[in-house]
Each structure stands twice: as C-alpha cells, then as structure tokens.
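There are 2 protein chains.
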Amino acid sequence: MTTPALLAIDWGTTRFRAYLLDRAGAVLERVSSDDGIMAVKPGGFPAVLAIRCGMWLARHPDIPVIMAGMVGSRNGWIEAPYRACPATASEIAGAMAEVDIGNGRKARIVPGLSTRDAAGAPDVMRGEETLALGTGIENGTVILPGTHSKWVHIESGKIKSFATFMTGEFYATLLSQTILGKLREEPDDAAGFTKGLEAAKRPGGLTHQAFAARTSVLLGDMSGHEVAPFLSGLLIGSEVDAGLAMGQSGGDIVVIAEGIIVDSYTKALAARGRVCRLMATEECFTAGLARLLKA
Amino acid sequence: MTTPALLAIDWGTTRFRAYLLDRAGAVLERVSSDDGIMAVKPGGFPAVLAIRCGMWLARHPDIPVIMAGMVGSRNGWIEAPYRACPATASEIAGAMAEVDIGNGRKARIVPGLSTRDAAGAPDVMRGEETLALGTGIENGTVILPGTHSKWVHIESGKIKSFATFMTGEFYATLLSQTILGKLREEPDDAAGFTKGLEAAKRPGGLTHQAFAARTSVLLGDMSGHEVAPFLSGLLIGSEVDAGLAMGQSGGDIVVIAEGIIVDSYTKALAARGRVCRLMATEECFTAGLARLLKA
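These protein sequence lines map, in sequence, to chains A and S. The C-terminal position of the first sequence is numbered 295 in my numbering, with every residue numbered one higher than the one before it. The C-terminal position of the second sequence is numbered 295 in my numbering, with every residue numbered one higher than the one before it.
It is worth saying that the hints were derived from the structure and are not from the lab. One thing to keep in mind: the hints can contain errors.
What the hints assert, rightly or not - Sample of chain S residues with no beta-carbon within 12 angstroms of chain A, all distances over it, derived: (1) Leu28; (2) Val31; (3) Pro42; (4) Ala58; (5) Pro64; (6) Arg202; (7) Thr266.
To be verified - Below, a list of computed lysine-lysine pairs in the BS3-like style, where the Cα atoms sit at most 27 angstroms apart: (8) S:Lys294 <-> S:Lys160; (9) A:Lys201 <-> S:Lys160; (10) S:Lys201 <-> A:Lys160; (11) S:Lys201 <-> S:Lys182; (12) S:Lys294 <-> A:Lys201; (13) S:Lys201 <-> A:Lys41; (14) S:Lys182 <-> A:Lys182; (15) A:Lys182 <-> S:Lys41.
Idealized CB from N, CA, C, for every residue including glycine.
Chain A on its own, in the form it takes in the complex (with noise of 0.2 angstroms):
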C-alpha cells in the first residue's frame, strides 16, 4: 500500500472537502460535506477537521496538513493575508499561516493573492490560486468559470496577474430581476448562446446588447427560448474578450470546470479562433497543493 504524504483539505463557502494523498499527488481516500465555512460556527473549525478526517490524522501522526480556500478568510478559521501578485509556488508557500489543530499538530492554510491592473484597481481571489499551480502550465491562461468568473494569466510558472469577471452572478441576476426574465420561455434553445457571443462582439456594451434581445423577441427575430441562452453567450463572450485582451497573448489555455459550463467556455473561445484544455477541479486542487508541499 501507497504511504501517504499530504492530507489536502479544500475548504470552501458551502464544502468541505479532504483528500489523503500520496508522494505524487495521487488520491488515496477522499471526503467531502456540506460544512463550508458559513455552516461553522465561531470557534468551531477544529471540531468539523477532527469529526470528518479525525481518523486519518490519528492513522497517520506525521504527514503534513495543509488546507485552501475560504477557510483562510477573515470569516474562516484564521486569517492568512493576501499576497501580492506577481507570486513563484515557494512565495505562496512561504506566506502560508498556522493553526493549532489540537495535540501539538499544525495545519498550513494557502493565502489568497492580490493584484492591481495597470490603473491601481485590485483584485483578490482565494483557493483559485491553488488550483491554478495545479494546471503545472508555464504560460498561459487558467480560466475558473463561476459566480465569479477568475482568469489567471501564469508566466515563467508564475502566477503574473489575475482577473475577476461577475459573469454567473450578473447571468443569475439579470435573468430573474429584469425585463429579460420576462421574456424568457423555457425549454432554451441554444441557437442564442451563438446570437449572444456574436453581440458581444457589437458596439454599445452589454446594457445595450442586452436590451437587443428584448427587442428581437419583440420583433419576432428571436423566440423567447433563445433568451436565457443568449445573456450566457453575451456575458462569457464579453468575459472571454476581455481575458484575453487582459491577458498575454499566447501560451496555453486551460478551463477548470464540470457540467454544462465547460462546453460553453470551449464554444466562446472556439469563435475567437482559441482551443482549450479541461481539467477537473479535484485533479487540479490535489496537484496544486502536492505543488505547494514541495514548494
């Protein structure tokens, strides 16, 4: 049997998760629950750590803990600082924090980065770090579709700069409070999702192209199935123009992503003439922080 070397824990808002890995990063047991940090009561990290990877760390006494993620907020365990972009795997490594998890044992938690653009304006993020050195790419674009969409531009192995787009959060909203929700008919069709990354790619922004899909329904241009999938096209278009415009413009691009959202990221970089590579997130988070251990 393999010896394990890490106890990997990707503690998020809403999930726990905890993977025993081995000298290469390889999953040799995993667990995960709904005990995201809102579900934690203060004070009550170490006692959700001892309930779902207690046996583990009894098992094994010796191997490193180390955890990323929101657990490293100012509303999770303890918080460990941002630290400021550009950042090697060994700076993150090195700015990692500590918490006493009980008998004399330390766990490490990853910080977040930080960046400014040309103009001053910052930018955070936190556990897409980790998941971005996990790629193993020297340059190029990581993409982390979501809520908060973050691209992650990666140079020499380095992590140069990064972005935060609110696609998911504006196609949420927008669908259900404004007048587009009104239209909307379901089942979609996704004829829209290419309607919406060629507007993206028209003059006016996305107030103005957005109201367009008012008015081709109105007019009879569009059926109302195509609505909710033309916001998602315009939004990831826009946010796919923007990344790589903010980006370098060459190296690879990896998506870390499951379920529906990964074909739509391939589709929107295909129209701009860019193929990608998926990778899971798990695959990713594991390597990432064996990187990390290393590091």
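The hints should help you fit chain S onto chain A, whose structure is shown.
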C-alpha cells in the same frame, strides 16, 4: 385669450399627461393623473380620455387630438406600428394611427420608431421620438436617461438612428441583488461616482469593473458609502462612451431629464470633454407634438 390649437397627450406606462396648446405650442392648460396604460382596463381608454379631458373636448370641438407614448403599443389603445429609421417629422406624422374618441371625432397616435444597427440588431422606442423632435436640433444627439436610456441621433433634422441602454435597470438590479448591494453603506458619498466614471474607461468591461468595487471596499481603497455612486458612474460612463462612439462625432448634445440624474449625465459627458444642453420633458413633448401637427 389665446385660441387653443391642439390637445396633446403624453400617455405612458404609469402616467397620463394632457396639454392644451396654442398655435405656437405654448401650454394653456394641463392635467395629469396616474391613469397610465397599465392602470387602464381593456376597452377603457375612451372613458379615461373623457374623464380627464372631456371638458376641453366639449369646449373645443374642432381642435386636433394627438397622443404619443405607450398608448400606441400592443397593450395600449391601439397598436401604432413602429416606423423604421431614418424618419423625418413628416414621415412620422404620416404614419400616425387613428382612433375613434366618440361623437364621430378622431384622435391620432404617434408611431414608435425601430432601427437596426450595422450588424442587423434591432432596437425600438415609443414616445422618445416625440421628445427628440421637440428639441428642434438639426444635427446632434438627444439623450433620454432612465430605466432604459435612449440615445437618439439626429442628422439634417431627421431621426437617423438610436440606441437603448438598460442603465437604470442594471443599476437598480445589481445594487439590490448582488454582492455590491451587501457592501453599500448609506448615505452615499459622491466621490464614488467619479471613480466609477474612471473605471468605465479601463479594460475588462462591466462584469470585471463592478467586481473592482467589491475588492476596493475589502482592501480599504473605497468606503461602502461610495459603492452605489461607483456603480452609477461605471454604468453611466459606459453608456456615454458607447453612445458617443455609436453616433456622429459632432453636433449638439441635449439631455432631456429632471432631478439628480441631470447632474450625473452632465458630469459623465464633461469627463469625456463634451458639453450638453438640458431641456425639460414637458417642453420637449409639447414642442414635438406641435411640430408633428404642422409636419
């Protein structure tokens, strides 16, 4: 006493406003009420008109009656089909629909306008065509801020094209439903508005720059009191940049608005080196209908 020459009615979604005008378009008398088309039962339009304007109609049996606004929409008295741009005042006047208002008397309803941009994407407006004509400008742009802001481009006195921006609806929705609303503190600090205008010029687009507000508060760059003005500046700045880029480069800029929004648009245009002239809605409406009567 001046002789009345026109009964002009601005019948929108939520308000009913009627004006008795003289030959020069000056207001002799006015009434207004909450009888917007949403408050009128099917078939109830003649009765509302009789209640609000019956005395004027009886006193002046020969003057023309012209209505504009959502009264000419699918949910109004009768649908006055959209007239395609470009459109002169006389072409719009020639496309008016007619309804029977009792005693063999007719009223006319101004049609809305439709347009298509270079890529074929459609846009529509109803009511704003009358206000735009009422500015009397020969070449330039008329801006009508609101839930769905309109930018109307006028060339040689005719309405050449226009564009809608969902600025007001995005503002209200994003502020009440997203992470931005949770950060907002009142009272508002207007310093955020200028920061939002600046952010609109930076790369990344709306979904990225909106997140910058959240990060700026988190990192102490901005106070919660600046969040709402920042979002307003970001959205209005984006609208102004896109609107100026989509129209002709020269000519007058007229903003038709009342209240606090006047200041926001004046500042946003000034930040882009443009001066605007302000006009009041009533003034533009009555001048617009007087112009359509003569056309």
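We went through each hint and held it up to the structure:
At roughly 37 angstroms from the closest C-beta of chain A, the C-beta of leucine 28 (chain S) stays outside 12 angstroms, upholding its exclusion from the interface. Even its closest Cβ contact with chain A, about 30 angstroms, leaves valine 31 (chain S) beyond 12 angstroms, as expected for a residue assigned away from the interface. Separation of proline 42 (chain S) from chain A is adequate, the least Cβ-Cβ distance of about 20 angstroms exceeding the 12 angstroms criterion. Distance check on alanine 58 (chain S): its Cβ is at least 38 angstroms (rounded) from any Cβ of chain A, clearing the 12 angstroms threshold; non-interface status holds.
Distance check for proline 64 (chain S) against chain A: the nearest CB is about 30 angstroms away, which clears 12 angstroms, and the non-interface claim stands. Residue placement check: arginine 202 (chain S) does not keep its beta carbon more than 12 angstroms from all beta carbons of chain A (closest about 5 angstroms). At roughly 20 angstroms, the least C-beta separation between threonine 266 (chain S) and chain A is larger than 12 angstroms, which holds for a residue marked as non-interface. Using a Cα cut-off of 27 angstroms, the hinted pair lysine 294 (chain S) and lysine 160 (chain S) holds, with the two alpha carbons roughly 20 angstroms apart.
At roughly 23 angstroms between alpha-carbon atoms, lysine 201 (chain A) and lysine 160 (chain S) fall within 27 angstroms of each other, so this suggested pair holds. The hinted pair formed by lysine 201 (chain S) and lysine 160 (chain A) meets the criterion: a straight-line CA distance of about 23 angstroms does not exceed 27 angstroms. For the given pair, lysine 201 (chain S) sits about 25 angstroms from lysine 182 (chain S) by alpha-carbon distance, which is consistent with the 27 angstroms threshold. For the suggested pair lysine 294 (chain S) and lysine 201 (chain A), the alpha carbons sit about 42 angstroms apart, so the restraint of at most 27 angstroms is broken.
For the suggested pair lysine 201 (chain S) and lysine 41 (chain A), the alpha carbons sit about 43 angstroms apart, so the restraint of at most 27 angstroms is broken. A C-alpha spacing of about 25 angstroms is found between lysine 182 (chain S) and lysine 182 (chain A), which places the hinted pair at or below 27 angstroms, so the restraint holds. Proposed proximity of lysine 182 (chain A) and lysine 41 (chain S) is supported: the alpha carbons are some 21 angstroms apart, at most 27 angstroms.
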